[in-house]
Amino acid sequence: MKLRTLFLLPARIWMAIFFAAPLAIVCAYSFLTRGDYGGVERPWSIESYTRLIDPLYAGILWRSLWIAALATALCVLLGFPLALFISRAGKRRNLYLQLVLLPFWTSFLVRTYAWLFILRDTGLINTALTGMHLIRKPLPLLYNDGAVLLGLVYNFLPFFVLPMYAALERLDPAVLEAAADLGARPMAIVWKVIIPVSAPGMAAGAVLVFIPCLGAFLTPDLLGGGKSVMLGNLIQNQFTTARDWPFGSAASIALMLASALLLAWVMRTRIAKEFL
Amino acid sequence: MPPVLELRGVSKQYPGHHAVDNVSLKLESGGFYSLLGPSGCGKTTTLRMIGGFEQPSTGEVLLDGSPVNALKPYQRNVCTVFQNYALFPHLTAQRNVEFGLRERGIRDAAERARRALDLVQLTSKHDSMPAQLSGGEKQRVALARSLVLEPRLLLLDEPLAALDPKLRKQMRAELKSMQRKSGITFLFVTHDQEEALSLSDRLAVMNAGRIEQFGTPEDVYLRPASAFVAGFLGAINWFGSAGVRPESTRLSEDAPETSLRARGAVESVLFLGNCVHVNVKLESGERAIAEVARDRRAPAEGENVWLHWHPADELRFE
Numbered sequence: 001m002k003l004r005t006l007f008l009l010p011a012r013i014w015m016a017i018f019f020a021a022p023l024a025i026v027c028a029y030s031f032l033t034r035g036d037y038g039g040v041e042r043p044w045s046i047e048s049y050t051r052l053i054d055p056l057y058a059g060i061l062w063r064s065l066w067i068a069a070l071a072t073a074l075c076v077l078l079g080f081p082l083a084l085f086i087s088r089a090g091k092r093r094n095l096y097l098q099l100v101l102l103p104f105w106t107s108f109l110v111r112t113y114a115w116l117f118i119l120r121d122t123g124l125i126n127t128a129l130t131g132m133h134l135i136r137k138p139l140p141l142l143y144n145d146g147a148v149l150l151g152l153v154y155n156f157l158p159f160f161v162l163p164m165y166a167a168l169e170r171l172d173p174a175v176l177e178a179a180a181d182l183g184a185r186p187m188a189i190v191w192k193v194i195i196p197v198s199a200p201g202m203a204a205g206a207v208l209v210f211i212p213c214l215g216a217f218l219t220p221d222l223l224g225g226g227k228s229v230m231l232g233n234l235i236q237n238q239f240t241t242a243r244d245w246p247f248g249s250a251a252s253i254a255l256m257l258a259s260a261l262l263l264a265w266v267m268r269t270r271i272a273k274e275f276l
Numbered sequence: 001m002p003p004v005l006e007l008r009g010v011s012k013q014y015p016g017h018h019a020v021d022n023v024s025l026k027l028e029s030g031g032f033y034s035l036l037g038p039s040g041c042g043k044t045t046t047l048r049m050i051g052g053f054e055q056p057s058t059g060e061v062l063l064d065g066s067p068v069n070a071l072k073p074y075q076r077n078v079c080t081v082f083q084n085y086a087l088f089p090h091l092t093a094q095r096n097v098e099f100g101l102r103e104r105g106i107r108d109a110a111e112r113a114r115r116a117l118d119l120v121q122l123t124s125k126h127d128s129m130p131a132q133l134s135g136g137e138k139q140r141v142a143l144a145r146s147l148v149l150e151p152r153l154l155l156l157d158e159p160l161a162a163l164d165p166k167l168r169k170q171m172r173a174e175l176k177s178m179q180r181k182s183g184i185t186f187l188f189v190t191h192d193q194e195e196a197l198s199l200s201d202r203l204a205v206m207n208a209g210r211i212e213q214f215g216t217p218e219d220v221y222l223r224p225a226s227a228f229v230a231g232f233l234g235a236i237n238w239f240g241s242a243g244v245r246p247e248s249t250r251l252s253e254d255a256p257e258t259s260l261r262a263r264g265a266v267e268s269v270l271f272l273g274n275c276v277h278v279n280v281k282l283e284s285g286e287r288a289i290a291e292v293a294r295d296r297r298a299p300a301e302g303e304n305v306w307l308h309w310h311p312a313d314e315l316r317f318e
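Quick note, the sequences are listed as chains A and B, same order.
Residue 189 in our numbering is what sits at position 189 of the first sequence, and the numbering runs on without skipping anything.
Residue 10 in our numbering is what sits at position 10 of the second sequence, and the numbering runs on without skipping anything.
Treat the hints as calculated values from the structure; they're not laboratory data.
Any given hint might turn out to be false.
No farther apart than 27 Å at their CA atoms in a straight line, the calculated lysine-lysine pairs in the DSSO-like style are these [what the hints assert, rightly or not]: (1) B:K26 x B:K181; (2) B:K26 x B:K176; (3) A:K192 x B:K125; (4) B:K125 x B:K72; (5) B:K72 x A:K91; (6) A:K192 x B:K72; (7) B:K181 x B:K125; (8) B:K125 x B:K169; (9) B:K166 x B:K181.
All of these numbers come straight from a predicted model, not from anything done at the bench.
Chain B on its own, in the form it takes in the complex:
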């Protein structure tokens, strides 16, 4: 079976810069995928080319094995959940969800829309106008509006970015369960590494228009393909050419019996609730963070300490 989505050498050039530079990607049916990268890395442009809102300058977009470059958004079996939801302001939640069904001439549109709204727990909000809904509720209407069409692929453009942190975590869990229940392939665009790691089956890390790495969350976090990926997916300490994650960086007052060590002075100690971050200024002048358990006695500021690590925790790049 051909992949749900395939990008073959897709590029998008604007006058003066390459927004997307020769991106190739294959997504298998039923997975939860993410495009992760800093703002301006080309992830939204990539999503818009898949949705049909932008034309690639070169390269091909294939859905279920057929090229769709020439197809308009309304001809593609792909739906998008937009960043600011883009609900129709003049229609009730129910009518918003019915919109796509009616465009497709589906007879029991009202009934299906009602069920979709129940599914996203908006049973009592069917007749509310978008302006009367909270951010999370709008988000759910936007999701229901897309999911009810049962697209082959659902594109989500930073859908959680506008929500407050607590709600964001809750919606994250709901997104994942909705993806599993519906079996629809999700392609989720985000700049939040925690979101991408926790949600995705596989994620593509983008930088400057290119995909730097495509793999499982474990792959990209534990075996990053580049210094950029390592640095973008969480903090990293650089000891010469070796990178070590703060949680793999050990702290001791006495000199450890290993050559993989560095000496420095404690600059600050940050209590983060679930752990403590000790910021150390190394003798080389570099700065490093050691993540230590809360119950361990934290060193005082200005105290001299040793940092050391296990060879297996070293990340090295060309």
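Bound conformation, chain A alone:
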């Protein structure tokens, strides 16, 4: 056996068992009929896919796309200046990068629950504001789209900052000096040089935020309450309360295809050539 084959074997086995096989199962389920108490039965059918076209689900898809896009835009707005600052911070770069990664030291679930305690009616913010007599009734901070957006941005910001930072860090400082030398003011340098040159990193970071946001279910579930349903919640519900595994599988496949198409489109642009 070639050394190359040997070295790749563990990864291949891992991917076969934990990625390819489950995916095949989900794919097969999506073409079966739901059982009375969950699970799947025969006959084979494409009914689950035809149901996806229902305006109700199209609405949820549209909503998910919209929230994911908004979260991504906010990550770009917050993350770009932050990444730029870190890339120009000299010796303290590593410290700041550690700080960006600090939230990963605790579990995603715990951090999301923490937001629950901050935002709820009897939470940190509302207690403080009522305590100071600035408001009489607690502000509705939780269980709405705003809370979901906050949770998504909070959780996925590092995924944008890191590739953005990597792109900015590779920027030749002499190029920025040349721009200043040719008469560009600092803002003009940002718009005309830094952003276009680091665009591949920006796009890579945006994809890394957008795709998981599109499929998010925990954040909308905890911070959005039952009201803010995204595609992830829909899928989760099919496997739990609704006990409609074929439909949940079909929705999963649809979400995956949407993500894959987006990625394929990104990979075709120069982003892939220069960055990924």
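Chain B: place on chain A using the hints.
Below, chain B without anything else, positioned relative to chain A:
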């Protein structure tokens, strides 16, 4: 008329060392000037202070008689050609050249940029991206990008260092002719003495943050102000306290009738194409080089020879 550039007692201190130490310099309009020195002598730092990328610790930078210490790079009528060209990687050659014109709000930017690229013989490369250009072509785009703005002073930071030797000589000639045609004052930073001597109207030789000598190429080569300058601008033989250039050092087999002579044994003979270098180990233990014509019979290795020289060719320093 005030000089285009004046440095008044300019120093730059970093924690632990003086990069530039009390440098004063005046450049007249329209000349080709060089800052020559070994790496780490402070020449690039000096250039960066003129361009506005570094602030002097003390001293004043004046452009056309007005102090510019407080001005940002984009406020100074000075342009820099960077060592690795620093072209905008996302813009075509044409757009690179247009960049500064557009920042200045000049209307016919495209037309002017086109003419500037034609001037540096890149007519067919207008739409090429920097990554598709060779080193020499990038160099020309960088030059065009700066020259098109018609700055009062053009700073060039080792612009030829990244080119291969043949191209370097060709670009050297082009630089000189571009300077003459444009009439823009050039300040050229280099560690290559041949480049500095051949290009400059006047050159400043820097060492350890200070200017050791500022003068014409003939001045600094023939009448160096210090042993450092003499040694940096070409090889020098030391006969006691007198320095003599290899090309002024004569070689003979018989004892010459002069007191300005030294005896030694030939260590090696190097054929350099246009001349021959004879390396001699003197009786004093020092080594010396005599540059002799190619058609002359070169002595054999190990042969005893005399070196002698003319009193006028002696360089003496305090």
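These are the hints, each one checked on the structure:
no.	hint	result
1	B:K26 x B:K181	holds, 22 Å
2	B:K26 x B:K176	holds, 20 Å
3	A:K192 x B:K125	holds, 22 Å
4	B:K125 x B:K72	violated, 32 Å
5	B:K72 x A:K91	holds, 24 Å
6	A:K192 x B:K72	holds, 18 Å
7	B:K181 x B:K125	holds, 22 Å
8	B:K125 x B:K169	holds, 22 Å
9	B:K166 x B:K181	holds, 23 Å
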